[in-house]
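2 protein chains.
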Amino acid sequence: MSSQPPHSTLLIPGPIEFDDAVLQSMSHYRSEVLLPPAHPPSPPDALPSHVGPGFVNTFGETLSMLRQLFITKDPSAQPFVISGSGTLGWDLVAANLVEAGEDVLVLATGYFSNGFTDCFKTYGANVTELRAPVGSRPQLPEIEKALSEKKYKILTVTHVDTSTAVLSELKELTALVKKVSPETLVIVDGVCSVGVEEIQFDEWKLDGVITASQKAIGVPAGLSISMFSGAAMKAFAQRKTPPASYFASFKNWTPVMQNYEAKKPSYFATPSPQLIHALHTGLTQILSKPLSERFARHKEVSDKVKKAVADLGLKQVAANPDDQAHGMTAIYLPDSVKATDVLPSLAKKGIIFAGGIHKEIQPKYIRFGHMGVSVTDPNRKDIDNAIKALQDSLFEVGYKKE
Amino acid sequence: MSSQPPHSTLLIPGPIEFDDAVLQSMSHYRSEVLLPPAHPPSPPDALPSHVGPGFVNTFGETLSMLRQLFITKDPSAQPFVISGSGTLGWDLVAANLVEAGEDVLVLATGYFSNGFTDCFKTYGANVTELRAPVGSRPQLPEIEKALSEKKYKILTVTHVDTSTAVLSELKELTALVKKVSPETLVIVDGVCSVGVEEIQFDEWKLDGVITASQKAIGVPAGLSISMFSGAAMKAFAQRKTPPASYFASFKNWTPVMQNYEAKKPSYFATPSPQLIHALHTGLTQILSKPLSERFARHKEVSDKVKKAVADLGLKQVAANPDDQAHGMTAIYLPDSVKATDVLPSLAKKGIIFAGGIHKEIQPKYIRFGHMGVSVTDPNRKDIDNAIKALQDSLFEVGYKKE
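First to last, the protein sequences are chains U and F.
For the first sequence, our numbering assigns the number 285 to the initial residue and increments by one for each residue that follows.
For the second sequence, our numbering assigns the number 285 to the initial residue and increments by one for each residue that follows.
Hints may contain errors.
Said to hold, decoys possible - Restricting the straight-line Cα-Cα distance to at most 20 Å, the calculated cross-link-like pairs of lysine to aspartate or glutamate (EDC-like) are:
1. K524(F) to D619(U)
2. K591(U) to D486(U)
3. K524(U) to D402(F)
4. K583(U) to D606(U)
5. K463(U) to D486(U)
6. K684(F) to E644(F)
7. K405(F) to E383(U)
8. K489(F) to E453(F)
9. K405(U) to E453(F)
10. K518(U) to E386(U)
11. K535(U) to D402(F)
12. K535(F) to D402(U)
13. K463(U) to E481(U)
14. K548(F) to E345(F)
15. K648(F) to D676(F)
16. K357(F) to E433(F)
17. K405(U) to E386(U)
18. K588(U) to E482(U)
Stated by the list, open to error - Derived DEER-like restraints, expressed as beta-carbon distance ranges:
19. N341(U) to S287(F): 23 to 29 Å
20. G597(U) to Y551(F): 30 to 36 Å
21. K462(U) to S287(F): 43 to 49 Å
22. K518(U) to E680(F): 47 to 53 Å
23. Q288(F) to E686(U): 55 to 61 Å
24. P290(F) to A603(U): 56 to 62 Å
Derived by calculation from the structure, the hints in this document are not laboratory data.
Ideal Cβ placement from N, Cα and C applies to all residues, glycine included.
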C-alpha cells in the first residue's frame, strides 16, 4: 500500500513515479555535512535503526554503489555526484576533458545532442556534428570516415535520445572508435538510459557516462551523476590550461569524491544530504537484484508497449527495431489526431504522457515513458492502464484504425 | 509535536534544523516538469488540499516570493533558483557579469571570499583582494582608495563570513561605491545572511545577492538562490563575449525564470520539484510575518548567545560588536581547551556545533549557528539548551573561568 496520496501516473521519459522508500528518504531530517578537519564525529542517534549510518558513510556507499550500477571494477574510474541536473554533466565533460580549440565529434540524434554541442562551444571546443535523419542515428561507416579524417579529443553519443527514443549501440561504436582512433574519449549521454539499458562501462571501454537522478534511477531531480574512466581522468590531468568551469571543475570535485568514498569528510560545495539519502535508497533497491533482470524486465515491458502501438496501427519515431529504446516509446500520431487532444484525454484518465520536443516533428508525436517502479513493481498496473488509456483516448478523439 | 524522530540539534552555521512542513515538502510525490509547448495541463489531483497548485505555479510563486524576501519591487530585478549550491552563485556572477580581463575587487574576510576569488580567476577576471586581519573586515577609507585607483566592473562583499561570523555593512558600503564608482556592480555573498540579516535590495541599491537554500532560509541544501538588479542584467546584456559557463549561463536561465514567474512552463535544465516545493513552503512561512520581526528575533537571540559567551569569559572571533553576525557566533576557546575535546562533549549532549575553518586560527575556535526554526519557533529550546551545554562541556573539559 503506497504511502503516497492517489495521483495521476507520471509516464513521461523522466521524471518518473517514485518508490515510497525513496521518496521518504527525501524527508530525512539529518542534514549535517561534516567539514574537515575539526568537526566532531556524529553522536549516535536516538533511533539508529531509522537513521542508519551518518552522511559520510551514506555518501561514500552511494559512490561505491555507482560503480556497481555502471558495472566497473576499475579503481581508476571516478564517480561524481553533484547537486545540479543532467545538463551539468555536459559542463563536466566540456570544461574538463576538452580545451579551447580541440576537436569534438558529436553524434547528433535530436534535441539533447544539440544542447551538448552548445555546451562544448561555450567552452571553446570545435564541434563537428554527424547528423542523422529524425528517428535514426549516425551509422558506423560514416563515423569511421569522420574519425579517420580528423583527430578528435572526444566523441559523444546520446545513448537514448529522449526526443526520439532512438537507442544508440555503445558496444560496437566504442569498439570502432578504439580501433580507428584509440585516443579519442567516448563519452555517453546516458540521462535517459542509465538504469534501464545495459551499460558495461569497463567491458565496452567507455570513457564517460553522464546521467541524472530523475530518470530510470527513480530518484527526485537535483543530482548530476557521472562516471569517468581512468583514461578520461588522465586526459584531465594532462590539460595544458586549467578547467574552464569552477562549479563543474574536476579539480575541485575529485578529491571530495575520493575522500567521501574513503569515508572521510571533505568539502568543496555543500552537497544535498536529502537527495543523496534518496539516491542511496534508490541504488540499494536497484542493486538488490541482478542488473540483468532489471534490463530484461524493461525490455519485456517495452516490447509489450511497442506491440500495443503496432496493434493500434501506429508507427514509432525510431523506425528501426534495433534502434528503439526500452525505457520510452515515441509514437507518431495518426494524421487525424492532435497531440493537444489526445494528451488531455489521457490526463483525464490519470495518465500523463509527454508531447514531442524534436522541432522537426514536434506536434506529430507523443512520448510514453516506461521506466523504474512503473515497470519493476509487480503491484503496479501503470503500464497496462496506460496502454488501455491510450487505446481509449485515441478512439475517443476520433481515431479509426484502418 | 515534531514529526521528526528524536535527534541531536544541528546548530552549525548551516545546514540547520528543519521545520516539519518544509521537510515533508521534500517528499512531494509530484515530479512532472512541464516541457513546452505540447504538454497537457495537469489534471486535478485526487487530494487537492494536499497537493496545491501545479509545479509551474509553485515555481512561479517561489520566484515572486523571493522578491519579497530580498525586499525588491523593481520589476527589472531578476531572481534565479537553480539546482546546485551556494557555490554555483559564484559561477553565476563570474561567468555572466565579468568578462576575461576585467577587474574585480574582492573584500576578503575569510575562507569563502578566497573561494570567490578562485572562481573569478577561473573565468579570467583580474582580481584585487582587499584583505583584513582575522575577525575584521576591510574599512571604508581603504575601499574608497581602491575604487579611486582603478575602475572595477564588480566589487564583492561577503555579508556574513561563515568562517569568522564577521558581518559587513552593506548600506554604507554600497552608498560609498555608488558615490565613488557608480558603474561598479555591488555583489553580495549572502549565503549565511539571507533570511537572518536585514537586506534592502532596492533601497541600498545592491546589484546582486547570491545565497543557498540550507542556511537561514531553512530548506534542505541543493538550490542556488539569487537576485540580480536591472543594472546587473543590463551589464550582462552588454557583454562583448558570450557567457563563460553553460550550466550557469544567464542566457540559458533568464527566459526560464521569467516564464515560470509568468506561470508558463519553460525548459533549460530539469529543476528539482521537491526542493522547490520545500522552498515554497519555507518562504511562505518566512513571509507570513513581517521580515522586520524575523530580523529582530534573530538579533535578540544572538545578543543572548553573545552575552552568554562573554559571561563565560570567552572572546568572539569578530572583535567589534558592530561587525558581529546575528545568525552565528564564532567563539575563541580558552587556551586550555581543545576544540577536539569540547565539540565531542557537546555532541554527547545532543548539540552539534561546528569547528573552525579559517586556516589562520582553525583549531582555536568553534562556531555556533543560531538561525531559522531553532531561533523562531517558540516551542523549541534549542538555543537555551545549547548555551547550557556549552557551559557544562567547557567546565567538564577542565575550563575554569578566571
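We went through each hint and held it up to the structure:
no.	hint	result
1	K524(F) to D619(U)	violated (47 Å)
2	K591(U) to D486(U)	violated (33 Å)
3	K524(U) to D402(F)	holds (18 Å)
4	K583(U) to D606(U)	holds (12 Å)
5	K463(U) to D486(U)	holds (16 Å)
6	K684(F) to E644(F)	violated (26 Å)
7	K405(F) to E383(U)	holds (17 Å)
8	K489(F) to E453(F)	holds (13 Å)
9	K405(U) to E453(F)	violated (40 Å)
10	K518(U) to E386(U)	holds (16 Å)
11	K535(U) to D402(F)	holds (12 Å)
12	K535(F) to D402(U)	holds (12 Å)
13	K463(U) to E481(U)	violated (24 Å)
14	K548(F) to E345(F)	holds (12 Å)
15	K648(F) to D676(F)	holds (19 Å)
16	K357(F) to E433(F)	violated (34 Å)
17	K405(U) to E386(U)	holds (11 Å)
18	K588(U) to E482(U)	holds (19 Å)
19	N341(U) to S287(F): 23 to 29 Å	holds (25 Å)
20	G597(U) to Y551(F): 30 to 36 Å	holds (32 Å)
21	K462(U) to S287(F): 43 to 49 Å	violated (54 Å)
22	K518(U) to E680(F): 47 to 53 Å	holds (51 Å)
23	Q288(F) to E686(U): 55 to 61 Å	holds (59 Å)
24	P290(F) to A603(U): 56 to 62 Å	holds (59 Å)
In this structure, the hints that do not hold are numbers 1, 2, 6, 9, 13, 16 and 21, in rising order.
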